[in-house]
Amino acid sequence: MLGRNIPYQPTAGTNLHHAEVVSTKIAVSMVKRSRRPLLVIGEYGGEAVRYLEDLSIEKIYTPREMNLLDLIKMVKREDYDLVMFIGITYYYLNQALAHMKHFSDTVTLTLDGKYIPNAHYSFPNMEEGEHIEAIKRFRMLLENL
Amino acid sequence: MNPKIVVIDPTKCSKCNDCIVKCEETHGVARIKKAEGVPIFCMQCENAPCMKICPVDAIYLKDNIPVVDRERCIGCSMCEIACPIGAIFTRDKVAHKCTLCLDVDRITPACVEACGDKALKLICDECLEAIKEPRRKRLIKILSEGIKEILHEG
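Chains A and B are the protein sequences, given in the same order.
Counted from 1, the first sequence has number 104 at position 104 by UniProt numbering; the numbering is strictly sequential.
Counted from 1, the second sequence has number 95 at position 95 by UniProt numbering; the numbering is strictly sequential.
Please keep in mind that the hints were generated in silico from the structure rather than gathered at the bench.
Keep in mind that the hints are not guaranteed to be accurate.
[Said to hold, decoys possible] Listed below are the simulated EDC-like cross-link pairs for lysine to aspartate or glutamate, each with C-alpha atoms no more than 20 Å apart in a straight line: (1) B:Lys-52 - B:Asp-18; (2) A:Lys-114 - B:Glu-80; (3) A:Lys-25 - B:Glu-129; (4) B:Lys-118 - A:Glu-43; (5) B:Lys-118 - A:Glu-20; (6) B:Lys-12 - B:Glu-36; (7) B:Lys-132 - A:Glu-127; (8) A:Lys-136 - A:Asp-70; (9) B:Lys-132 - A:Glu-20; (10) A:Lys-25 - B:Glu-153; (11) A:Lys-114 - B:Asp-63; (12) B:Lys-93 - B:Asp-105; (13) A:Lys-101 - A:Glu-127; (14) A:Lys-114 - A:Glu-47; (15) A:Lys-32 - B:Glu-36; (16) A:Lys-32 - B:Asp-105; (17) B:Lys-33 - B:Asp-18; (18) A:Lys-32 - A:Glu-47.
[As the list claims (entries may be wrong)] Just a few of them, taken from the derived set where beta-carbon distance is under 8 Å, the chain A residues facing chain B: (19) Ser-23; (20) Lys-25; (21) Ser-29; (22) Met-30; (23) Arg-33; (24) Ser-34; (25) Asn-67; (26) Leu-68; (27) Asp-81; (28) Leu-82; (29) Val-107; (30) Ile-132.
Cβ atoms here follow ideal geometry from the backbone N, Cα and C, with glycine treated the same way.
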């Protein structure tokens, strides 16, 4: 796991409470255990997003359907217990997640191929191919629930 | 191999009791026991001796994790005797063990979230592979360097 949880921007991870690195299996078990999960899809997800688009989880596309900051406010108002993010600009998402970490009880999980320190749980740094494989596996395990 | 377990890095643990306090808050009774100041967690054994020895089948598998059925448990403490690591105990005539918070409305175990030192980790068989792979690569590197040195000397 060496180097797998180093933030893309080292200054983004100067706090004490860094994200916990999770595998696809644990991510799936988190989705399974949550009462009301939400998947937030950004515009830079690339090929990986295609595998998540037809999942039977509530989805919001940002910024097409909602601005990320409005979305964060909405998540705080509603009773979502798990919010997953994919395909959002690294530093923008990291700022939004910092707000979620300090001002809400919602558990955040990032499905991007890079470690995002301000989430509660994050995938580790991965090569592109490895990331797509992980998302495929995530989807397959979710379907087998 | 279990689907997932909580592991602790004793060198990172600052013995702050946060995990125990959070566990007590969540379940009413702290399901984690300490040994020399460091918390000990149930290993969620695959062939769980506590489950096998239970005379009333009060311990059942939920997502491959042994969970105690509080209604069925008669508090006989047989599981306490059977457990090889002392992670199950009886209090108020009911057996208590760590279930990775599967029996409460939580997404992840409370203790893992509460740990400020990041000494606790929730891992699964996939994570183990990810940990082992760089070690194997390191071994190959050491071996190949050693062979090169020997050949060079020869």
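Against the structure, the hints:
no. : hint                  : result
1   : B:Lys-52 - B:Asp-18   : 32 Å, violated
2   : A:Lys-114 - B:Glu-80  : 44 Å, violated
3   : A:Lys-25 - B:Glu-129  : 13 Å, holds
4   : B:Lys-118 - A:Glu-43  : 32 Å, violated
5   : B:Lys-118 - A:Glu-20  : 8 Å, holds
6   : B:Lys-12 - B:Glu-36   : 14 Å, holds
7   : B:Lys-132 - A:Glu-127 : 18 Å, holds
8   : A:Lys-136 - A:Asp-70  : 30 Å, violated
9   : B:Lys-132 - A:Glu-20  : 18 Å, holds
10  : A:Lys-25 - B:Glu-153  : 48 Å, violated
11  : A:Lys-114 - B:Asp-63  : 29 Å, violated
12  : B:Lys-93 - B:Asp-105  : 24 Å, violated
13  : A:Lys-101 - A:Glu-127 : 27 Å, violated
14  : A:Lys-114 - A:Glu-47  : 15 Å, holds
15  : A:Lys-32 - B:Glu-36   : 36 Å, violated
16  : A:Lys-32 - B:Asp-105  : 12 Å, holds
17  : B:Lys-33 - B:Asp-18   : 13 Å, holds
18  : A:Lys-32 - A:Glu-47   : 24 Å, violated
19  : Ser-23                : 4 Å, holds
20  : Lys-25                : 5 Å, holds
21  : Ser-29                : 7 Å, holds
22  : Met-30                : 5 Å, holds
23  : Arg-33                : 5 Å, holds
24  : Ser-34                : 5 Å, holds
25  : Asn-67                : 26 Å, violated
26  : Leu-68                : 22 Å, violated
27  : Asp-81                : 6 Å, holds
28  : Leu-82                : 6 Å, holds
29  : Val-107               : 5 Å, holds
30  : Ile-132               : 16 Å, violated
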